[in-house]
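**Student:** Each chain is listed here by its residues.
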Amino acid sequence: MSTATTWAKSDRQRERERLRRRDARRSGAVATASTVGVFGLAVWALVSSPGWPRVRETFFSWSEFAGSFGDVLSGFWVNVQIFLIAEPIILVVGLAVALARGVRTPAFFPLRALAVAYTDVFRGIPTILLVYLVGFGVPALNLSGAPSSPLALGVIALVLSYGAYVAEVFRAGIASVHPSQLAAARSLGLSRPQALRYVVLPQAIRTVVPPLLNDFASLQKDTALVAVLGVIEALRQAQIHSALTFNYTPYLAAALLFVLLTVPLARFTDWLAARAERRRAPGDR
Amino acid sequence: MLRRLTVLPVLAVLVAAAACAPADDTTAAAPSASGTAACAKESLPLKTAGTLTIGTDKPAYEPWFSDDDPTNGKGFESAVAYAVAEKLGFAETEVKWETVGFDSSYAPGPKTFDFDINQVSISEARAKAVTFSAGYYDVAQAVVGLEDGKFASATGVAALKDAKIGVQVGTTSLTAVQDQIKPGTQPQVFNNQIDAVNALKNKQVDAIVVDLPTAFYVTAAQIEGSKIIGQLPAAGGTPERFGLVLEKGSALVGCLDQALGELRSSGDLAKIQDQWLAAAAGAPVLR
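Read top to bottom, the protein sequences are chains W and F. Reminder that position 131 of the first sequence reads as 131 in UniProt numbering, one-by-one numbering, no gaps. Reminder that position 99 of the second sequence reads as 99 in UniProt numbering, one-by-one numbering, no gaps.
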């Protein structure tokens, strides 16, 4: 019986599938041709320009790349270290400042004012200026016990700058949780801090993960700013090689390393966003 | 719809390519000058006819320039530039200065200056990217520290092994530190000379390495209580020389070399050096 009633596609269905395959092949071919055409033209325009041999020699020299890559890579390890140390501190500072802004008790008004002043001032100062001010200003004070290592000073400057951005991200997340959530939690007998801890923050943090990761991608690149304090990181190492040989290829090597670090973070952000979307509206695609 | 979509980007690239239409350099093709006649002011391959355009970085440091103003003819490099201009037949009013950052002085492609004078040391690797004139100054590197610093009494490079050393990025001072002092801790590399000087003032570094004339300026005018610990011996026997930087293949170089040669043989170059870098003699050499 089972053999007699084996399901088979109807002729109409086969025809439909054939047409779909043909359409897919055709649009694939067109996309390929267009891509090849556009990039081919772009490359042709680049390569046929009269200055190309000199540009190739100064920006794309394989021997320069190979010669500087080791040093640039070891410099890049410094960037990664700065990032790994600064990152968790920034999270703590950012969250603390965001919470301080939400304190309603009158006695704690100075704390709230301080938090507002902090975000206003440190988001307003260009990060490189902050690195300069902290890096050269703090040691000039001649305080005993103040850090003197340029690496530590650089991390402090980055934390001050990015802490302010991240605080605002957290604040936005907290504000995005509907007030009824807090009201419901309070009506269940939770205190305000408890309601914040168990109801509001978990939802808020989940919401702000993509913008947080965005800030961290930005931080990864800004670790290069610490170079102005004398730290030899990837950018500075590339600059040294470049100045020695008057060739820009080492900068390309440094850029490549930064891209390799930020791309996985970008894909991770995409994946998180997609997952959040699936959870919010399952099956709705 | 499909067709239009494929044509649009191709068209865009074509338009872009046409907009930045390949323009051939015409300046670099002239034959190199050798005779005096070829270096007549009118026949020089200049960026702007009748004007000698000279580049240097900003700030322009003492003792190479004075008051951060290259146009005043004061300071060694400003004086050399005007002497060269005079040899080529330019009046002072026909010299135009242009601000050119160090990093952009060696960028490929057409330059905005006829030559750049900015304490650039001549090297074989660098000569692949730009054209250098003959050297106009033989330079030595010197170590500067604080008088009450740990390394103030060092007499040899070996004594400086444990020092934290600062240098300016892009300078041959860094190479000198790495090749000759070989310090145990990595040197700190700063964006500019002022940052390195401040780091020494703040005691963030034990010593800085700069060229000798700069060292004299630093100790005399920039940091109270600092001293030249000593100068580094020339590496490998060949003295380091500053040269004028020209666009790669520039035909002007022959005439500049000729002008510099005349200034050297007439003793004018030595006179300029005595006037502006007189103090730069007599620092002990570290062995």
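Calculated from the structure, these hints are not laboratory results. Glycine included, C-beta positions come from ideal geometry on N, C-alpha and C. Hints may contain errors.
Claimed, not checked - Counterexamples of contact, computed for chain F against chain W with all Cβ distances above 12 Å:
hint, residue
1, T48
2, E98
3, P110
4, D148
5, A234
Stated by the list, open to error - Covered stretches of chain W (in silico footprint by chain F; criterion: 3 or more residues with CB under 8 Å from a CB of chain F, positions within the stretch not fixed):
hint, region
6, 224–235
7, 244–257
8, 265–272
**Student:** Does each hint fit the structure? Answer for all of them.
**Tutor:** Cross-check of the supplied hints:
Distance check for T48 (chain F) against chain W: the nearest CB is about 21 Å away, which clears 12 Å, and the non-interface claim stands. Every C-beta of chain W lies more than 12 Å from that of E98 (chain F), the closest at about 19 Å, which supports listing it as non-interface. The Cβ of P110 (chain F) sits about 8 Å from the closest Cβ of chain W, inside the 12 Å cut-off, so the non-interface label is violated. Every Cβ of chain W is farther than 12 Å from the Cβ of D148 (chain F); the closest lies at roughly 14 Å, confirming the non-interface assignment.
For A234 (chain F), the shortest C-beta to C-beta distance to chain W comes to about 18 Å, beyond the 12 Å cut-off, and the non-interface label holds. For the region 224–235 of chain W, the proposed coverage by chain F is satisfied: 6 residues have a C-beta within less than 8 Å of a C-beta in that chain, meeting the threshold of three. Counting residues of the region 244–257 of chain W whose C-beta lies closer than 8 Å to any C-beta of chain F gives 5; at least three are required, and the coverage claim holds. Coverage of the region 265–272 of chain W by chain F is violated in this model, with 0 residues showing a Cβ closer than 8 Å to a Cβ of that chain against a need of three.
The structure shown violates the earlier hints numbered 3 and 8.
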